[in-house]
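What follows is each chain in one-letter form.
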Amino acid sequence: MSVTDPQPPAPDAARTDAAREALHDRIAADSLTTRRDYLRIVATVSGGLAVGGVAVASGILQRHGDPDGLPAIKKIADRIEPGESLAFRYPGDEDRAIAVRMDDGTLAGYSAVCTHLACAVLWRRDRGSEGELYCPCHEGVFDARTGEVTAGPPPRGLPKVILIEQVDGSVWAIGTARSGESLQEGYCRQRGEGSPLCTRLEGGATERSEGA
Amino acid sequence: MTDVNRPVHRRYPQIRATSGYGDPRIRHTGPGPGAGAEQEPERSSKLSARLALALTVVIGQLWGLTVVVDEWMSGNTGTAWWGAGFLVLSFLVVLGLWVIDPKDR
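If you read the protein sequences in the order shown, they are chains A and B. For the first sequence, position 205 (counting from the first letter as 1) is numbered 205 according to full-length UniProt numbering, and the numbering increases by one without interruption. For the second sequence, position 80 (counting from the first letter as 1) is numbered 80 according to full-length UniProt numbering, and the numbering increases by one without interruption.
Treat the hints as calculated values from the structure; they're not laboratory data. Among the hints, a few may not be true.
As the list claims (entries may be wrong) - According to the in silico footprint, chain A covers these stretches of chain B (three or more CB under 8 Å from chain A):
1. 44-52
2. 59-65
3. 68-81
4. 87-95
Stated by the list, open to error - Here's a subset of chain A near chain B, in silico, CB distances under 8 Å, partners left out:
5. R36
6. H116
7. A120
8. R124
9. P153
10. R156
Ideal Cβ positions, reconstructed from N, Cα and C, are used throughout, including at glycine.
Next comes chain A alone, as it looks inside the complex (with noise of 0.2 Å):
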């Protein structure tokens, strides 16, 4: 009788064959993926993390408010009353933005995109000291002021809304900046150094205008 023959029944034949096929079940469960093949999967994840930050250096991703050309010049109120903010869109019309009048008549505005994961920043003006920019998704705070991060996961600041205030109180958006540039080198950036506006936006958050 060879090895390879049908062994004859056993009395216990039901109990016998559910305990070959636990084994069977046993070894099929056993993972038959080398070291080698975790290497090569490895291997795989490492490229397509390379693809992805060429891809992202190539600029496959959109910056939020940061408009393609350049940006329009929009007027967004007839005017906005201290504690008061307004959501606008702008430089598209797909950006979400909002303006904010801080008690104090600080006029600023923002992308009122999250940089964390593209929420809806909004204006609290009972949070903080003199009020906050808040994304509620997950907690984050942004300084009002600046746009800078205060709290929460996002990983840099808001992209800002260039504004100005016409000696009538009407509120005009005349271009962005992005994270971490300030307003005038997000206007000198987009308009060109010799626009007359370009020196004149230095160390301010809004530029009150007297002419039209």
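Since the structure of chain A is already known, use the hints to place chain B on it.
Here is chain B on its own, set in the frame of chain A:
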């Protein structure tokens, strides 16, 4: 009785107690005294080290990708490209760890 865990001499009755390496039917010794121990510890540890190094590099790549995204979003395109170069170099390192010994297992 056909218990699956029956002794070897009952599972393979044609293999005698005197069978061993001289038996041409036996190509692999199979489980026995010392079964489960590493037979080539140096080769095995080198493979484990390669895998550990590759995993470490990939973790560094994950960090690098967050930096690249952050820099790109902040408008620092040049820094983002340096980060992308770092990611590509890291991939080449992992690729080297992978192809350094194709016959290993």
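(message) Quick check on the hint: R124(A) CB to chain B CB, less than 8 Å?
(response) violated (24 Å)
(message) For the restraint on H116(A), tell me whether the closest CB of chain B is nearer than 8 Å.
(response) violated (11 Å)
(request) Report holds or violated for the interface hint on P153(A), using the least CB-CB distance to chain B and a cut-off of 8 Å. (result) violated (12 Å)
(message) Please check whether the stretch 44-52 of chain B has three or more residues whose CB lies within less than 8 Å of a CB on chain A.
(response) It holds: at least three residues are needed, and the stretch 44-52 of chain B offers 4 whose Cβ sits within less than 8 Å of chain A.
(message) Under 8 Å is the threshold here; is the Cβ of A120(A) close enough to any Cβ of chain B for the hint to stand?
(response) violated (18 Å)
(message) Count the residues of the stretch 68-81 of chain B whose Cβ falls closer than 8 Å to any Cβ of chain A, and tell me whether that reaches three.
(response) holds (count 10)
(message) Please verify the coverage claim for the stretch 59-65 of chain B: does it have three or more residues whose C-beta sits within 8 Å of some C-beta in chain A?
(response) As far as the stretch 59-65 of chain B goes, the hint holds, because 4 residues have Cβ atoms under 8 Å from chain A.
(message) Quick check on the hint: R156(A) CB to chain B CB, less than 8 Å?
(response) holds (6 Å)
(request) Go through the hint on R36(A) and say holds or violated, using the shortest Cβ distance to chain B against 8 Å. (result) Since chain B brings a Cβ to about 5 Å from R36(A), closer than 8 Å, the hint holds.
(message) Please check whether the stretch 87-95 of chain B has three or more residues whose CB lies within less than 8 Å of a CB on chain A.
(response) holds (count 6)
In this structure, the earlier hints numbered 6, 7, 8 and 9 are contradicted, and the remaining ones agree with it.
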